[in-house]
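Asker: The residues making up each chain are set out below.
There are 2 protein chains.
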Amino acid sequence: MAINTQVKADHNAPAITQILANYISSHPSKGWDDSVEHEAHRTFLNWLGCAIGAATHESVDAALHAIQELDPTQQASILGRKEKVDMCSAALINGISSHTFDFDDTHLKTIIHPAGPVASAILALSEKTKSSGREMIDALVIGIDVACRIGNCMYPDHYDRGWHITGSTGTVGAAAACSRLLKLDKEKTAMAIGIAASQPVGMREQFGTMTKPFHPGGAASAGLRSALLAKHGFTASAKALEAPRGMIQTISTKCDWSEITDELGQRFEISFNAYKPFACGIVIHPSIDACAQLKAKGVKPEDVQKIELRVHSLVLELTGKKTPADGLQAKFSVYHGCAAGLMYGKAGEEEFLDHVVTDPKLIELRDKVNATVDDSIHEASADVTAFLKNGEQVHIFVKHAIGSLENPMTDKNLEEKFHNLSDPIVSKETADQLIKLCWDLAKQDNMSKICQVAQGK
Amino acid sequence: MAINTQVKADHNAPAITQILANYISSHPSKGWDDSVEHEAHRTFLNWLGCAIGAATHESVDAALHAIQELDPTQQASILGRKEKVDMCSAALINGISSHTFDFDDTHLKTIIHPAGPVASAILALSEKTKSSGREMIDALVIGIDVACRIGNCMYPDHYDRGWHITGSTGTVGAAAACSRLLKLDKEKTAMAIGIAASQPVGMREQFGTMTKPFHPGGAASAGLRSALLAKHGFTASAKALEAPRGMIQTISTKCDWSEITDELGQRFEISFNAYKPFACGIVIHPSIDACAQLKAKGVKPEDVQKIELRVHSLVLELTGKKTPADGLQAKFSVYHGCAAGLMYGKAGEEEFLDHVVTDPKLIELRDKVNATVDDSIHEASADVTAFLKNGEQVHIFVKHAIGSLENPMTDKNLEEKFHNLSDPIVSKETADQLIKLCWDLAKQDNMSKICQVAQGK
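Each protein sequence line maps, in turn, to chains A and B. Numbered according to the working numbering, the first sequence spans residues 1 to 457. Numbered according to the working numbering, the second sequence spans residues 1001 to 1457.
There's no promise every hint is true.
Unchecked claim - Below, a list of computed lysine-lysine pairs in the DSSO-like style, where the Cα atoms sit at most 30 angstroms apart:
| id | chain 1 | residue 1 | chain 2 | residue 2 |
| --- | --- | --- | --- | --- |
| 1 | A | K321 | B | K1239 |
| 2 | A | K428 | A | K449 |
| 3 | A | K128 | B | K1128 |
| 4 | B | K1128 | A | K84 |
| 5 | B | K1322 | A | K239 |
| 6 | B | K1084 | B | K1322 |
| 7 | A | K428 | A | K130 |
| 8 | A | K322 | A | K254 |
| 9 | A | K254 | B | K1130 |
| 10 | A | K109 | B | K1239 |
| 11 | A | K84 | B | K1084 |
| 12 | B | K1030 | B | K1322 |
| 13 | A | K254 | B | K1183 |
| 14 | B | K1389 | A | K82 |
| 15 | B | K1130 | A | K239 |
| 16 | A | K300 | A | K346 |
| 17 | B | K1399 | B | K1443 |
| 18 | B | K1254 | A | K239 |
| 19 | B | K1399 | A | K84 |
| 20 | A | K84 | B | K1361 |
| 21 | A | K82 | A | K30 |
| 22 | A | K183 | B | K1443 |
| 23 | B | K1321 | A | K239 |
| 24 | A | K128 | B | K1321 |
| 25 | B | K1239 | A | K130 |
| 26 | A | K449 | A | K297 |
| 27 | A | K84 | B | K1109 |
| 28 | B | K1443 | A | K322 |
| 29 | B | K1254 | A | K82 |
Stated by the list, open to error - Just a few of them, taken from the derived set where beta-carbon distance is under 10 angstroms, the chain A residues facing chain B:
| id | residue |
| --- | --- |
| 30 | P28 |
| 31 | G31 |
| 32 | T56 |
| 33 | E58 |
| 34 | R204 |
| 35 | Q249 |
| 36 | T250 |
| 37 | A442 |
To be clear, the hints were calculated from the coordinates, so they are not data collected in a lab. Even glycine gets a Cβ: it sits at the ideal position worked out from N, Cα and C.
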């Protein structure tokens, strides 16, 4: 027999579900300044490149083969591939591919990767609704805002507890964005959020497996389905997010409601979105950046006697693998990161391929890297000195790595990253065309054009 | 930057995911005694009747209309309806309908409704795999066992925290059952469980809305999809259930692993499954049962001066609504339950229709019911005395209501319930045919036959 005790309960939460539903359904189109507008374009471009780049990865193959057992209709595009599937399945698969390389965007305050769930859901939906680029951007900004605000409300307790916060907040973010794109009224938008609130996705134990990128994909698919259900009259609790046994109090002991309500519609969390220049964990980035700067200064691998690296203890704790055996392990090796940065001047997905990681020349260089803990150095910084065979020393101190909020990727950096990811999949010419379409996103009459081009030739 | 602290962590959990995968993939077919085998038939019959009974409910209409936007292929049947959809969507919709009346089975120890997620997933899958009834029963017993054992491990903390335990454990149960039906090997079964472990569904705040029955439907759909993903090589953590940041430790503070491992493959949780005789919360059942017994003894509503009801305080706390205005409110009124029991001798979905609840004759009788708290009476019991106008008194004490484990529904009771639910949807003749097919489940060569008949004529 049910016993109605409650572990903890805040019965005085503001009406978060209604407040968000009102915001989602009524915020004016382009109701933000140019910097937010520009960030939305950057977020979309970065996400699209990541999704196309991983289009032929075995995780995407496996997911697509599973979905093909459902004999789906050809309704929405799979990015970087010829196949089409129903829109919920396209949201799933594009969400998986966009996070497969762990190279997508990061809302640094919560480490949510917000575009995965949100953009995957609305791009798939837009092929059916024939939405414009303007509508797409509005939905993207608002959906990301909803996901990240809920993340701010629960972080860090929720994440510490074991939830992969990208998927747990992503379902609601995707439902919010799809409700906006479907032009649902406030009441139905609240229902869409409510249905989504019963479907947080993702445990951190899955990190290192295909189920990690499944999380944004599953969230995108569930969020889109929630909006479709609400559109057709399916109901949910009007307090599904904030009630004592609603989503937020059930999956987090920290519930700071003001993180959701403060400056809602005025401050947009997409403004705090960052893009990875390097295809690995963010703690290695300052070290890679420093070594890439050594290369730019003319330091050649064969001239190096040793590299002295000084970093915060957290860097070695998380990424201290000295002799990574393959690409996956290399993502947890600051030593490999430094060697790749010095040898190639970059550390994209290619520089983490198995054959690069096991290249004897790279290993020789990697073994010259000596790392020392220095907690006087911030964890977002790195201090690198190259000792050359001719007795010279070259010193680089990186305070904020490229890709941080303080030192963001330039638009040109993002374009280069897009090319690195997409050229092998859809050709350089198509990548150029897509970059142009992305920068012109607000001018697109119909999102189908981008979807069509992104399938490749 | 991610901070890797953990709220709580048990690093010494047994290898639950592997243990269950081994059990699911290798337990011998019909590896249980006849009582378990019979209970599986009863569970299936009861679930099928509930699903057919609600087939035309507005929640099912809404869900189907949403799914039709995906233009699904005609792969699997929707019970009690003509439409077919892809198998994941059929799992969703049949899961919704089977729980819409809240009239399905209950694993009393955890209040999980286990057939909803499990049977909905495997029946939909069986139409594609052309599985036999034998294979279906094996998958049903094992899937329910997995869901309920995980429930036992987490209950009651997990439920108290806010999770609707049917949907949170149901995804894994459905994945287990589908893995069995797909004949996945141990490794792939572990992956299916692992993928499912990232998708617990359902918050208790949704009770009273369509999203409550969505929970078993969503779990069925997600569990089936997890098994299909694993079949095609999608990977997950091999410790996804038990690891410190795996499913169970993330969504429950109580983690009693022995509940999962003890007597695994020897004791089957389906043995503890119960079936509701009355379409309302289980605390009202003893009172309804007592009043139905009054009717059976010849007590007529018009002869009654008053009904004195003595029950445990929990009964009035949960279902003490004196003047329910409609069918939904009546489900929380022990007064309505008593009146319906005495007037009709039953309290199925029909006796909770609005027009019955507002019938002046029923209200007159309801107003004669006087309830008194007596905590010396167990919450699963009820003491009822009818004071008749002629001065006589008729006393009934119900220790264990019909439908409890101690006083289970007979097979004949289940057949009557099936008819009450299904006759209005698929005709009495078809219901008779389905009852026979269900009792002969183990002899079915191909489950498609039942699916076809259950669509109605």
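Asker: A separate judgement is required for each hint: does it hold in the structure or not?
Answerer: A quick look at each hint next to the structure:
Our distance criterion of 30 angstroms between C-alpha atoms is met by K321(A) and K1239(B), whose separation comes to about 23 angstroms. Annotation: proposed proximity of K428(A) to K449(A) holds, straight-line Cα distance about 18 angstroms (limit 30 angstroms). Annotation: proposed proximity of K128(A) to K1128(B) holds, straight-line Cα distance about 28 angstroms (limit 30 angstroms). For the given pair, K1128(B) sits about 22 angstroms from K84(A) by alpha-carbon distance, which is consistent with the 30 angstroms threshold.
For the hint pairing K1322(B) with K239(A), the CA-to-CA distance comes to about 26 angstroms; that is within 30 angstroms, so the pair holds. Restraint check for K1084(B) and K1322(B): the C-alpha separation of about 43 angstroms exceeds 30 angstroms, so the hint is violated. Simply put, K428(A) and K130(A) have alpha-carbon atoms about 27 angstroms apart, close enough for the 30 angstroms limit, and the pair holds. With a C-alpha separation of about 37 angstroms, the suggested pair K322(A) and K254(A) falls outside the 30 angstroms cut-off, and the hint is violated.
The suggested pairing of K254(A) with K1130(B) is violated, with an alpha-carbon distance near 48 angstroms, which exceeds 30 angstroms. For the given pair, K109(A) sits about 29 angstroms from K1239(B) by alpha-carbon distance, which is consistent with the 30 angstroms threshold. The hinted pair formed by K84(A) and K1084(B) meets the criterion: a straight-line CA distance of about 21 angstroms does not exceed 30 angstroms. Using a Cα cut-off of 30 angstroms, the hinted pair K1030(B) and K1322(B) is violated, with the two alpha carbons roughly 49 angstroms apart.
For the given pair, K254(A) sits about 43 angstroms from K1183(B) by alpha-carbon distance, which is inconsistent with the 30 angstroms threshold. Restraint check: the Cα-Cα separation between K1389(B) and K82(A) comes to about 80 angstroms, which exceeds 30 angstroms; the hinted pair is violated. Restraint check for K1130(B) and K239(A): not satisfied, since their Cα atoms lie roughly 43 angstroms apart, outside the 30 angstroms limit. A threshold of 30 angstroms between alpha carbons decides the hint, and for K300(A) with K346(A) the separation of about 14 angstroms falls inside it, so the pair holds.
For a cut-off of 30 angstroms, the pair hint linking K1399(B) to K1443(B) is broken: about 38 angstroms separates their Cα positions. Of the pairs offered as hints, the one joining K1254(B) and K239(A) holds, with about 27 angstroms between alpha carbons and a cut-off of 30 angstroms not exceeded. Straight-line distance between C-alpha atoms of K1399(B) and K84(A) comes to about 60 angstroms, which puts the hinted pair past the 30 angstroms bound. Between K84(A) and K1361(B), the direct Cα distance comes to roughly 60 angstroms. Violation of the 30 angstroms bound is thereby established for this hinted pair.
For the given pair, K82(A) sits about 33 angstroms from K30(A) by alpha-carbon distance, which is inconsistent with the 30 angstroms threshold. Taking the CA atoms of K183(A) and K1443(B), the gap is about 51 angstroms. The hint is violated against a cut of 30 angstroms. Pair hint K1321(B) plus K239(A) holds up; C-alpha atoms about 23 angstroms apart against a cutoff of 30 angstroms. Among the hinted pairs, K128(A) with K1321(B) is inconsistent with the structure: their alpha-carbon atoms are about 47 angstroms apart, more than 30 angstroms.
The straight-line distance between the Cα atoms of K1239(B) and K130(A) is roughly 43 angstroms, outside the 30 angstroms bound, and the hint therefore fails. Restraint check for K449(A) and K297(A): not satisfied, since their Cα atoms lie roughly 43 angstroms apart, outside the 30 angstroms limit. Distance check on the hinted pair: K84(A) and K1109(B) sit about 45 angstroms apart at the alpha-carbon level, beyond 30 angstroms; violated. For the given pair, K1443(B) sits about 61 angstroms from K322(A) by alpha-carbon distance, which is inconsistent with the 30 angstroms threshold.
Annotation: proposed proximity of K1254(B) to K82(A) is violated, straight-line Cα distance about 47 angstroms (limit 30 angstroms). Given the 10 angstroms rule on beta carbons, the hint for P28(A) is violated: about 28 angstroms separates it from the nearest Cβ of chain B. Against a cut-off of 10 angstroms between C-beta atoms, the interface hint on G31(A) is violated, since the closest Cβ of chain B lies about 28 angstroms away. Look at T56(A): its Cβ only gets to about 14 angstroms from chain B, farther than 10 angstroms, so that hint breaks.
The beta carbon of E58(A) comes within 7 angstroms of a beta carbon in chain B, closer than 10 angstroms, and the hint placing it at the interface holds. Because the smallest distance between the Cβ of R204(A) and any Cβ of chain B comes to about 4 angstroms, under 10 angstroms, the interface hint for this residue holds. For Q249(A), the interface hint holds, the least distance from its beta-carbon to any beta-carbon of chain B being 6 angstroms, beneath 10 angstroms. This hint holds: T250(A) has a C-beta 3 angstroms from the nearest C-beta of chain B, less than the 10 angstroms allowed.
The interface hint given for A442(A) is violated, since its Cβ lies 27 angstroms from the closest Cβ of chain B, which is over the 10 angstroms cut-off.
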